[in-house]
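**Student:** Turn these sequences into a full structure, and let the hints guide you.
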Amino acid sequence: MTRKTIVPALLLSAALLIAASAASGADSSKSSFLSGVHKKNQVTCADCHGKSLAVDDSETALNKNCKGCHGGFADLAAKTKEHINPHNSHLGETNCTACHKGHAASKAYCNYCHSFAMKIPAMGTEKESTDKKWVQESAPGKKDLKSNRVESTDVVVIGAGGSGYVASITAHDAGARVILLEKMPITGGNSMLAAGGINAARTRYQERLGMHDDPAEMVKETMKGGRDKNDPELVKVLAYKSADAVDFLVSLGADMTDLVRSGGVAVDRTHRPVGGAAVGPHLIKVYRENAAKRNLDVRVNSEVVQILSDGKGRVTGVQVKGKHSGVYTINAKAVIDTAGGFAANNELVGSYKPQFRETASSNQPGATGEGMFLAEKAGAKLIDMEQIQIHPTMGGDTKVLVSETVRGSGAILVNHAGKRFVNELTTRDKASAAILAQPEKSAFLVLGESIRKSNVQIDGYITLGLVQQADSIAALAAKMGVPADALTATVTAYNKAFEAKKDPEFQRQDIPRPVDGPKYYAIWVKPGRHHTMGGVKINTEAQVIGKDGNPVTGFYAAGEVTGGVHGWNRLGGNAITDTVVFGRIAGSNAASFIKKEK
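Residues -25 to -1, 1 to 573 in mature numbering (1 follows the signal peptide of the UniProt record, and there is no 0) are what the sequence shown lists, from first letter to last.
There may be inaccurate statements among the hints.
[Stated by the list, open to error] Straight line, CA to CA, 35 angstroms or less: simulated DSBU-like cross-link-like pairs of lysine-lysine:
#1 K296 to K352
#2 K416 to K477
#3 K26 to K260
#4 K296 to K39
#5 K26 to K121
#6 K287 to K216
#7 K522 to K356
#8 K121 to K571
#9 K471 to K428
#10 K477 to K199
#11 K476 to K216
#12 K356 to K211
#13 K571 to K268
#14 K476 to K454
#15 K570 to K287
#16 K15 to K54
#17 K204 to K356
Worth flagging that the hints you see were computed from the coordinates, not collected in a lab. Note that the coordinates shown come from a computational prediction; the quantities given were computed from them, not determined experimentally.
**Tutor:** Next up, the structure:
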């Protein structure tokens, strides 16, 4: 399919461009409405938009002209002098316009989650709010918008996170024409922030290390972790297709060779890149590269405002509101909803769980839940919407999640009295409840040098200023503000448990490393919103189930936008498994459905 190019006359901002050009004659494109360095250097409209002044929301088109003048991310990273280098971050090679604006003040995208003092040319001072006032009557799809054009494709995918990329790549490789839409200025979704790994049972990597694991055990532990409120058939698919999911990732170029144990699991089942690197940034980089190799049509700043249907139980496409390309319609033979959850939406979270409204969220700012309600309006049934997971270890008062793999690598949780109070590898709901039961409603992760060296993410937490360091346990206790004698006794007892391979106090099954020197580390943590288990009801074929209990024709969904896989509590490592397993099923079945329709 050849995408129709949108000329600026279709947009207000583009109309201003043309008006300004006409008003200023031969020098027209040295326009007064440019901002910052573009205005100072008298950049012309054609410098950025080409002679045709074409504007669209293609991910590749957005970056092409920026890099032509300023160089690529590697070039800019070498020039950037910030301690936190925005051109060499966990977000990877994002879109230039996520931060830099030609017609408005620039903003640091990083500061949606962080508070970095970055020096960006023409940077604005205001901080953009990520909170939304959530009123069902004004939710997406409630107002009819007039489209300026109509396109057509085989499959349209809503949301370019992990599930969206996997579904798109799978459908494309099965012969379908695919358009992948992302409402945010960058792709990646919550998968970009995933710190742990992917759970999979009976993989070649486990077998190489002599580990015995069984998908049946993964089913059992996932059901137990979800308090047996999961859909057991979905869980079976998750577990029995998990090893294939890892092989699929490796076939794309991912590294899944390192193994660690997550909470609620009795074996090293969480696969991640070598050295314990965060799985999310690694996978999104791999997905982006594979999408580029396939010339996938990926569009950012493209919010789906309506999922279209024929009124007879079949979806027919979507209506999109593009930042640059305006409102338009995509007619599609199949729609895959991979729009993610809503843990970043304070108002919506508060409507289901008022006690969680003001807690910090580990989610990226686009996790606001619109995809669920768009699906509902198109006929989908929503389930388990009140099931919202609190992760036990957010970095103090920040939005930074301290990965469960830190505990899996051997770190212990201690309270403000300097004592352990819970099995560190229990399920997230139980660990969070134990922390919230402490008078201060917070705790500390304590670890030693061998644990730090086993997990490269810890160095990242040090860079972010989340970690206290000392040359002795007593000195560390002083920095933490806890009794030195109590913390010393706690560490001594834990190290004895490591030697004995038995934890009589809290029955922790896996103690891979002691808390040893020469340096010791502590991270102040408290629970925060992390995952929403509810969403669109699907079956084992990733078909969206309607309110009448039957599949909605041509409609599929995968990932955090769905409900039923995780029950009332998700095990760490199962989210990435969910995105890959059901993303592949959705993409494959959507492509097969189209072939049958021809």
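**Student:** Against the earlier hints, flag every one the structure doesn't satisfy and list their numbers going up.
**Tutor:** No numbers; nothing is violated.
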